[in-house]
Amino acid sequence: MPETAAEANLRKQLEQTLADEPSSPILHSNLGVFLWDRAEAEAAAKAEGEEEAKRLRAAAAEHFLAAAKLNPNDGVPFRFLGHHYARAGDAPRAAKCYQRAVALNPDDAESGETLCDLLDLEEKESLELAVCKEATGKSPRAFWAFRRLGYLQVHQKKWSEAIQSLQHAIRGYTTCADLWEALGLAYHRLGMFTAAVKSYGRAIELDSSRVFALIESGNIQLMLGYFRKGVEQFRSALEMAPCNHAAYFGLASALLAWARHCIMTGAFGWAASLLKEASDAAKVCTSFTGNISCVWKMHGDAQLTLARCFPWDDCNIKRGMDDGIFKAAVLEWRNTCLSAANGAKFSYQRALHLTPWEANIHNDTAICLDLICTMEDNNSLDPIVWELPEKMSLGGLILEPVNKDFWVTLGSVSCNQALKQHSFIRALHLDTSLSEAWAYLGKIYRQTGDKQLARQAFDRARSIDPSLALPWAGMSAENYHQSGDGPVNESFESCLRAVQILPLPEFQIGLGTIAASSGELLSPQVLMAVRQAVQRAPHYPESHNINGLVSEVRSDFQSAIASYQQARFALNMMCNSKTDNKYRIADVSINLARSLCKAGLSTEAVRESEELKRQGLLNADGLQIYALALWKLGRHDEALLVSRNLAENLPSMKQESATAALGFICTLTYCISGKDSAAAIIHKLPGQLSYSTQLKFIICALDALQPNKRFQLPQLSMPPRLTSYEVMSEVHSNIALGKAIGGELDKFLRVDSGLSYLRKVLHMYPNCSLVRNQLGSLLLSSGDWMASHKAVRVTSLSHGYTSNRGLRSLHQIQACAAVSCYATCTSYPKFSFSTCEDHYLSGYNAIHHLQRWVHLEPWNQDARRLLVLAIFQKAREEKYPKHICSILKRLILQVLSSDNNSQENKVVQYGNYLILLLSSEVSLQSSDYNNCIAQATEALGVNSSIADSFFAHLQLCRAYVMQGNHLNSKSEYMKCLQNHTDTEIGWVMLKQLASICSLEGTSDEIEIHLRECIERKGSNASKWVSLFNLACAQCSLWHEDFASAEKAIAQACAEGDPDICILFFNGAISMDIAWRFAAPQFIPRAASSLRKAQQKSLASLPIVSLLLAQAEGSLGSITKWEKNIRLEWFSWPPELRPAELYFQMHLLARQSSTAASQQNQLVETMQAPERWLLRAIHLNPSCSRYWTALLQPVYV
Amino acid sequence: MKLAGLKSVDGAHDESIWAAAWVPAADHRPTALLLTGALDETVRLWRPDDLASAAPPVQGHALGVVSLSAHPAGAIAAAVSLDSYVRVFDVDSGASVATLDAPPSEVWGIQFHPKGNALAAAGGGSGSVKLWETEKWKPITSLPVPRPEGARPDKTGSGKFVLSVAWSPDGKLLACGSMDGTIAVYDAIRMKFLHHLEGHHMPVRSMVFSPVDPHVLFTASDDCHIHIYDAKEKSLIGAMSGHASWVLSIDVSPDGMAVATGSSDRTVRLWDINTRASVQTMSNHNDQVWAVAFRPPGGTGVRAGRLASVSDDKSISLYDYS
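One line per chain: the protein sequences are V and D, in this order. If you count the first sequence from 1, position 269 lands on 269 in full-length UniProt numbering, and the numbers rise without skipping. If you count the second sequence from 1, position 267 lands on 267 in full-length UniProt numbering, and the numbers rise without skipping.
The hints are simulated quantities; they were obtained by calculation from the structure and are not laboratory data. Ideal placement from N, C-alpha and C gives every residue a C-beta, glycine not left out. Please note: incorrect hints may appear among the correct ones.
Said to hold, decoys possible - If you anchor each label on the Cβ, the simulated ranges turn out as follows:
(1) V/335 with D/320: 50 to 60 Å
(2) D/117 with V/156: 52 to 62 Å
(3) D/171 with V/44: 47 to 57 Å
Stated by the list, open to error - As a list, the in silico DSS-like pairs of lysine-lysine whose alpha-carbon atoms are at most 27 Å apart:
(4) D/314 with V/276
(5) V/906 with V/889
(6) D/314 with V/874
(7) D/314 with V/229
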């Protein structure tokens, strides 16, 4: 590159200044640097520029030399001189110059690096170290020196020193990936793995192609147990370097470790797929370098693990399975395992061939051979010939006779008991705390029947290493065979521990067996273990059998049946002695028959039982199943015959199974020939038999249905402490139901007698939730006026988990009570005033409670129905606001649409009928008459099979009346009369309609029906008659027939204990009559009714007091008038007080002010009388009376 | 691995709180926020560290909020209420985005697809999983839950009520849990039923896939157990027991090392997945715990793990997970 004009200019300037001042080292140096740069540029521009460059460099060197001479303390000229000599090939001189430069300025990275490179070339490592150390000692900013030093220290494996240097160097070169990598290596070698991973991670972050860092950090992740991350890192390393065998080896080992982890948790399918990848990776690695023994060993390990964990998959043969298919599937599985094992064997053989001096490969081969032997099942029983596994194991031992693990291996692969024992004892000689050896020794002793020694050995093994599975399993087996309750549980726990530590099929089957006998089959741990056992040992019949039991206990009968069938096929595959097999097949067949019966396949169950019977293997359990299946098929006589057969066997049975069988016989007899025969059987019972839970239950249930001849069984009235609490409460609630059922079955329930019995029981068992629930539900079904209030008090309200036993659940009782209060229980007086005398639910939101219930059990239709009812109740209280109506309609739609599949159920049908009526009512209230009629008609359709269609007709009648369709309404009315109802309120409502339909003539008929109804049900006559009279009075009022209205309402009041509303109504009518017809004789009557009403209502009802005040005033008692007006003031909520009330207060205030009785602060004296009046006018300016009052002389 | 109580807000809602979900951090909002839904028909938004209210409550979830799910982009969320509408709303403004109706059957649990392009809802009484796309909010499909081969008799008479739904983090699998304890697994790409997972025999109310192993599924059931399934290989690979009553909700920590559960026994438990054991029990709630939720990773300066739990006692609790 030729010199540009600017450069030429600069050179001239430099030369000029140097000429002016030739002794300045700086100027020499500057010119030198300029020339040197020119030389570099020339050299870089073209090849032939080399000559020119050389010339320039020489010139520059002269200037540098001059500068160095003039000022020997400046490092820059020395550096360039160094460059010059180095270029000229004069290494020693160059080194000296650089050394000088570095000595003068230790931060000079360029000289330092070049010097070190020079020294490196001459392999003067110690000199290089000395230079770096000197520089680092001189200046903390000599980062180049720290870096060089760090690399050298890493090279010399001085890890901890290297870490310090490297850390320092990193401060200078923060983004140097090499430094981070070296630091990672140093940490790695020092065993600081987390720090190493972080450093490697930083290196990878800076430069994603760092294969070394990726592989090394993968290895560390593997060592720390993070297989997943390790696999990721090896995979990304392989992406960068697809032929790196270290990465492949790492990947294979990571996958193998991950798979082993999966096996420990029982994810065999997952493990198998990982292992296949692992052995593929190892295979690829061997294809790169076939002569590394450890790669072959890795491949062998992966294959061996695969052979051990490959799961059997039965999903292909679920349907249409037979012996052949099952056998083929099992054989296929076995072949897969075997081929994997053989693959492992070959790999180990190769490894052994490469490195025959490695003892552990001998050992691995021995283990692999042992596995193949057990899988092939061809153990020859010749004790003289040494088996192959034994031989290989001994080969390992010859190489390393002091390896205790090899002795253990020899012991476990050997078939010879004496040799086994000898090897384990040799292993224990080498290390007395070798838990495996103790455990195996225990196993040998157990097999030879030496219980005491076995237990001791297991105990020792377990105390040395509690994380070893075998001793736990051994202890479990020891405990299982002992009798009694405690040890079985302990044995279950031990076995569970063993299975959790090591999921071996043998342990898992054992766990299943223990669980079956101790009733733990529902536990998910057992389910998991047994399902895995089937995957791992499909050739064991027991695994299928227990799998069936587990499915059965979970009500999955189809799977259970399939499992039992598989168990039978597996038994057929085994080549054991015939008689032994026969009993095992019989056991499985009984299980199968039971499952078939439970699944509803009675025909098949009968076939199985008959097959068993033919072979003479039908025991008591089998007989029960046989009888049940026959009964289900409708072959009653045969079923009875079988049950008689069973009854003959009773005395020879154990007590527990005998009582169970007896219970079965009773139930069956009851189902086939009715209660009398069942009762006869119970009467024939041998007295000494103690009654089990079920039997007691059956007896009291039968007793409940037996109206006349009660069993006077002494056993039922035995003292409570002798039997368990739970049972007795169930028995008692059954008895109570029996009492309620009473004399004849077609009569109404005699709830009262049941109630009184339950009350006694509750007194005995005060904290039994079942009894409480039962009592609550009986109360609700009693016609008691206050039942809803009482029911809630009886049951205790609790959130969360509640038992659902009894007639109704706790939730149901609460909800039913909330919607069944006859009075309006609103707590918000804006809509209406509460007339409920108890206010039991104040502050308690029934709808929220129901919503919680729906949220808890969203599938529960009862909850949804009750929610609909509760919201309807709310809508009714709030006068059917539009938003609630629309929510109601949506909820009703949900309830009706989700019931499609249970149309046959009568209860559900009746529920739907009621819901439809409710929906019709909502339409009626929103003046949608057509929909209302349509829904009521639909309700009639739903209800076609049920007797009680009265209310649908009533609803139709109401709708037609509202529509003004008199013809239709009359016809519906007549239908109501024809379709009787047993619900009193129906008649009362019909009475109201009678007058509107102008069908007065039938009124008496209604009354007769109502009285009949009351008599039949034994309900509270006075309440209903007074209500009926109220309806009569209302009708008369509509026709402005005050005289008869008064008569009717007076009658209503005369009945027993009238409701406050009726009293109030009576008072109001009397007052009205007195006012209309100027008949003062009615005023005292009115006053007395109103007084009663006022006394009865807890929270004072509005208007009652006002009316009473007027009556009292008319009767001449001013003080009473005053008192009542004041009462009236307080019975209104402040924001709702009407204008009239303010007017009355005005009158009162004027009265008081004239009386001047201001010593005690009364309400009316809070304001001046005219203020009261003004407020009244402000609230209702349209009332002329108020204006007139204002015009009175007092104010004018 | 432990939980430390940070803050508890009593009376956070006027009524029982039934649902909780974290809204992930978004471009316009640097931190994740907590959403809660309750019986009082509102959804409320809370700040992550002091549980201060972050926005006025969103009203109008008639009859109470059953389930909540936040879109992974952090802008919108969906809520299911007892009147079986799915209401999709903007998290920050509370404005309604869409209202999804599923007549005449119902919806219960919901979850957004991990990429956010679909919304899956457990179809309640319809016995299916319903899917909506999230652009125009049109229904995509309804995946019916086939009856397992060993069809067991129903106790209630109503079909299979589907309660819970979960997407695998890679979006390849979709699982739903039913009231009879069966779990159905679907291939979410081809929209095909794969198989049932068995083991529970009572309602499965909540489930979640592991964030690190996309085919490992954790389920919580009324049978008091927590199961770990390999959902792809159809095998039960773990079971954890310890709750004294129903397990109502489950969530897995973002590092995939721990799960937290809420139960009817009024406790929140933390479980170590590796040892399959309960590590810690928090009993600060005094009514059943209906939802637990780990804060998703992401957001500026957010390193610490957070767990939120909500309960029938109207309170929200926040824990530090480390």
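Hint check:
1. V/335 with D/320: 50 to 60 Å: holds, 54 Å
2. D/117 with V/156: 52 to 62 Å: holds, 58 Å
3. D/171 with V/44: 47 to 57 Å: holds, 55 Å
4. D/314 with V/276: violated, 52 Å
5. V/906 with V/889: With Cα atoms ~23 Å apart, residue 906 of chain V and residue 889 of chain V stay inside 27 Å; holds.
6. D/314 with V/874: Status holds; Cα separation ~24 Å.
7. D/314 with V/229: Judged against 27 Å, a Cα distance of about 41 Å means the pair is violated.
Checked against the numbered hints above, the structure breaks hints 4, 7 and satisfies the rest.
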